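Novice: So the chains spell out like this:
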Amino acid sequence: MRARPPPVKPGGATRGEEMHQDWIWGLVGGAMIGAAAALYLLVNGRVLGASGILGGLVDNSGRKSRAERIAFLAGLVAVPPLLVPLYRVVDTHASTNPAILIAAGLLVGLGTRLANGCTSGHGVCGISRFSLRGITATAFYLIGGGLALVVARHLLGWI
Amino acid sequence: MRYLSAFLAGGLFGAGLLVAGMVDTTKVQGWLDVFGRWEPTRACGMAAAVGGMGPGWGLAARRERAALGLPMPGDFPKLVDRNLVLGSLLFGAGWGLAGLCPGPAMGALSFGGWPVALFVAAMIAGMWLAVPARALLARLDGARTENDA
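Protein chains in written order, with my numbering: chain V, 1 to 159; chain H, 1 to 149.
Just chain H, with the same shape it has in the complex (with noise of 0.2 Å):
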């Protein structure tokens, strides 16, 4: 039940993306690109988007646990911290140079042939190389530990 609700909301939301056109990288970067020839369109699917979500964290207050069993998360990390900000800039570089961020890349996954491929490939060793990166940053930091997970 918990992996078909999962397998529903993953195809839903590969659906939404598919459908907002979030898959076309002209358009996103057209989106990124307010020095170009801006396109402001993405930013009404954005805007659905979070409209949509926010109902669900309404309902979500008032509920102790999901309707799985599980807890509702809770105790988000509050802190803005550094690598907080440089990843989201070095996500944002990424972004902006191919047009595909990491849900709309695996959404795109069977029908965007080797490009699209080659980038989820790359955005995996990517991934896997955050575990060392952070590290470093840790011991750049010093004894500061680093728990924002």
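Here chain V stands alone, though its shape is the one from the complex (with noise of 0.2 Å):
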């Protein structure tokens, strides 16, 4: 077996030193996920909801923060990607079972606007203001995550 380079980023790194990266590299990303949102609140003075932002667009509900919403979302989508050189591999892992990717993507774009927020407006932003939808949600959607994956995954084995 051939020896590999050592590791420079996450993605890369042997097992062990890879599981005591990623807590770190979690609380880089957490920090900055919460800056983000810090940011958008006392200079924007809006709530980070990646799915409010998007929906409001969507159905039209925000067109009055249109410009705001797709000026968010540009920088959502065209900031990752400059920073992707800096790793060796990113890989999302996705699913490439296409009725996976579209059931999935239904349920989420249906259950996040009834609810009216997904991890980071009701996750990051409501949890951080000991709202009791926020934390409600939260509860709902990791029993939601984890119900999913015990039939899809343990029971059917379709993922």
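Calculated directly from the structure, the hints in this document are not laboratory data.
Quick caveat, the model's predicted, so the values are computed rather than measured.
There may be inaccurate statements among the hints.
Simulated restraints on C-beta separations [said to hold, decoys possible]:
| hint | chain 1 | residue 1 | chain 2 | residue 2 | range |
| --- | --- | --- | --- | --- | --- |
| 1 | V | His154 | H | Tyr3 | 29 to 35 Å |
| 2 | H | Gly51 | V | Leu155 | 31 to 37 Å |
| 3 | H | Gly142 | V | Leu147 | 42 to 48 Å |
| 4 | H | Glu64 | V | Leu155 | 50 to 56 Å |
| 5 | V | Arg63 | H | Gly142 | 26 to 32 Å |
| 6 | V | His154 | H | Glu64 | 34 to 40 Å |
| 7 | V | Arg63 | H | Ala117 | 21 to 27 Å |
Chain V is faced by these chain H residues, among others (derived, beta-carbon under 7 Å) [to be verified]:
| hint | residue |
| --- | --- |
| 8 | Phe7 |
| 9 | Leu18 |
| 10 | Trp38 |
| 11 | Pro40 |
| 12 | Cys44 |
| 13 | Gly54 |
| 14 | Trp57 |
| 15 | Gly58 |
| 16 | Ala67 |
| 17 | Val80 |
| 18 | Val85 |
| 19 | Ala98 |
| 20 | Met123 |
Where is the CB? At the ideal position from N, CA and C, for every residue including glycine.
With the hints as a guide, bring both chains together as one complex.
Specialist: Below you can see the structure in the form of structure tokens.
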């Protein structure tokens, strides 16, 4: 077996190192997410919720702040690829089964709009202000995610 | 100015999602999969994000207006209702199936290839379907009006 070159960034590390680095990068990335939410609140006066920002464009309920929403989404789509060259591998490991992708996408789109929020709005912004709705939503989407994995992965073997 | 800071907030958010590994569906599913080989590391990122946002709300509470003049958001709905619970369960199920939630899905659009693009297209369709779904649920409730926006 050929020795692998030493890892530079997460993604190429050995198992033990990867777990160790994972914690650190999780904290760093999480702090960046929190800072982004604080920036959007304190400067723009808006709650950073990814599904709400996009959803308001889709159903036109956010027509009054359309340009601001588009600017936010442009940053969200355009900035991450600038960081990709820093990593040896960036792989989403996403499913290549179109049926799974379509079903999951429909559920995520429908569910986040019915619940008025996703991981960023209810999770990050809601929990940090001790919102009962945010905490409830987070509990139920974690339950939904756990159940989906039990059923689709462990019982049916779809994913 | 407002658009520049919105762009920067979106960019910092996306960069944070990438660094925290939220765009890696294997890791996210590993976190949600409490009955498989559970990976608790994603909780770290979530905790740091919540911890980072906490002082943000603290500062916001002391100001009436944001730096660019808009009033701070307030008057959040307080009621835990059926749509919140049902919607979150559906969203969670989709998140578990694909390992992608709205932020990371859009953040990974540029490098995620066709699977991420297909997911985002379906997600937009789902958001669009939420309008009639909400109306249908409201009709099932009889005359009760839903103003949960």
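Novice: Each hint: holds or not?
Specialist: Okay, the hints, checked on the actual structure:
The given range of 29 to 35 Å is broken by V:His154 and H:Tyr3, whose C-beta atoms sit roughly 46 Å from each other. For H:Gly51 and V:Leu155, the Cβ-Cβ distance of about 36 Å falls inside the hinted range of 31 to 37 Å, so the restraint holds. A beta carbon spacing of about 30 Å between H:Gly142 and V:Leu147 contradicts the range 42 to 48 Å that was offered as a hint. The supplied range of 50 to 56 Å is met by H:Glu64 and V:Leu155, whose beta-carbon atoms lie about 53 Å from each other.
A hinted range of 26 to 32 Å for the beta carbons of V:Arg63 and H:Gly142 is consistent with their spacing of about 30 Å. Checking the proposed 34 to 40 Å range against V:His154 and H:Glu64 shows it is violated: the Cβ atoms sit about 51 Å from each other. Taking the beta carbon of each, V:Arg63 and H:Ala117 are about 26 Å apart, inside 21 to 27 Å as hinted. For the restraint placing H:Phe7 at the interface with chain V, the shortest Cβ-Cβ distance is roughly 4 Å, inside the 7 Å limit, so the hint holds.
Because the closest C-beta pair between H:Leu18 and chain V is about 5 Å apart, less than 7 Å, the hint holds. Against a cut-off of 7 Å between C-beta atoms, the interface hint on H:Trp38 is violated, since the closest Cβ of chain V lies about 10 Å away. Hint status for H:Pro40 relative to chain V: violated, with the closest Cβ pair at about 9 Å, above 7 Å. The beta carbon of H:Cys44 comes within 4 Å of a beta carbon in chain V, closer than 7 Å, and the hint placing it at the interface holds.
At a threshold of 7 Å, the smallest CB-CB gap from H:Gly54 to chain V is about 5 Å, leaving the interface hint in force. Taking 7 Å as the C-beta cut-off, the interface hint given for H:Trp57 holds, the closest approach to chain V being about 4 Å. Hint on H:Gly58 is violated. Least Cβ distance to chain V is approximately 9 Å, over the 7 Å limit. At its closest, the beta carbon of H:Ala67 sits 4 Å from a beta carbon of chain V; the interface hint therefore holds under the 7 Å criterion.
Because the smallest distance between the Cβ of H:Val80 and any Cβ of chain V comes to about 5 Å, under 7 Å, the interface hint for this residue holds. Satisfaction of the interface hint for H:Val85 is found here, the shortest Cβ-Cβ separation to chain V being roughly 5 Å, below the 7 Å cut-off. For H:Ala98, the interface hint holds, the least distance from its beta-carbon to any beta-carbon of chain V being 3 Å, beneath 7 Å. Proximity of H:Met123 to chain V holds as hinted, the smallest CB-CB distance being about 4 Å (cut-off 7 Å).
The structure shown violates the earlier hints numbered 1, 3, 6, 10, 11, 15.
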